[in-house]
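Let chain V serve as the given structure and place chain H on it in line with the hints.
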Amino acid sequence: GESVGLHLPTLSVQEGDNSIINCAYSNSASDYFIWYKQESGKGPQFIIDIRSNMDKRQGQRVTVLLNKTVKHLSLQIAATQPGDSAVYFCAAGSTGYSTLTFGKGTMLLVSP
Amino acid sequence: GAVVSQHPSWVICKSGTSVKIECRSLDFQATTMFWYRQFPKQSLMLMATSNEGSKATYEQGVEKDKFLINHASLTLSTLTVTSAHPEDSSFYICSARVPIAGGPSGELFFGEGSRLTVL
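Protein sequence lines correspond, in order, to chains V and H. Under the numbering used here, the residue at position 46 of the first sequence is numbered 46, and the numbers go up by one with no gaps. Take any residue in the second sequence, count from 1 to its spot, add 1000: that is its number in the numbering used here.
So that you can see chain V by itself, here it is in the shape it has in the complex (with noise of 0.2 angstroms):
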């Protein structure tokens, strides 16, 4: 089955800073990403997302970077703030079939 994991369960950058999250999946037939932030009590917000016919999307302040070659995904938030810190979610499905897969998760902790 499907699994999609996080290189770093935690992150600690400086307001300012350009943060990276990483996410490996598995599936080689995934073909749809999201990035989730999710806020502590809260459900998951959307940030963005990416199909596997591409390998860069850019948002606000937003980047989301897909090598399929390696089954790999980052997300780059740049001039981190504050308001950034949250756990961020990767997940991963297929077209065709509507369910996703969430990877564990990683802390973004932005100091002031």
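Quick caveat, the hints were computed from the structure, so don't treat them as lab data. Since we're looking at a predicted model, the values are computed, not measured. Hints may contain errors.
Restraint ranges, calculated between C-beta atoms of paired labels, are given here [what the hints assert, rightly or not]: (1) V/Gly41 - H/Val1098: 21 to 29 angstroms; (2) H/Ser1054 - V/Gln14: 49 to 57 angstroms; (3) V/Gln45 - H/Gln1029: 15 to 23 angstroms.
Examples of chain H residues toward chain V, derived with CB under 7 angstroms [stated by the list, open to error]: (4) Ser1043; (5) Leu1044; (6) Leu1046; (7) Ile1093; (8) Phe1110; (9) Gly1111.
All residues carry an ideal CB built from backbone N, CA and C; glycine is no exception.
This is chain H only, laid out in the frame that chain V set:
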């Protein structure tokens, strides 16, 4: 973006009682909703897929008689934890997918979660 609302946001109950959690899509119709369970400092684990007008599809290891799911309308799914025990204490999160033409992979929106504590 689309809004998914859960109620209650937190509930405390005695062991042996049943608890119902509601998940509503407020500004769109969702033929499919998903129920997740999340333990502290862990990831979301899919429990079941709730299908409007038909039986829910449960993931392996999830007791369907323990976690009753009803999706009676296109905007409401309910999860009932029956005969709750302390080990059922968890954060329960629902999600709904905004349908898009041509496939099921529309954006998934999550509710705010419901924290259940069983004494």
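Status of each hint after checking the structure:
no. : hint                                    : verdict
1   : V/Gly41 - H/Val1098: 21 to 29 angstroms : holds (24 angstroms)
2   : H/Ser1054 - V/Gln14: 49 to 57 angstroms : holds (51 angstroms)
3   : V/Gln45 - H/Gln1029: 15 to 23 angstroms : holds (22 angstroms)
4   : Ser1043                                 : holds (5 angstroms)
5   : Leu1044                                 : holds (5 angstroms)
6   : Leu1046                                 : holds (6 angstroms)
7   : Ile1093                                 : holds (5 angstroms)
8   : Phe1110                                 : holds (4 angstroms)
9   : Gly1111                                 : holds (5 angstroms)
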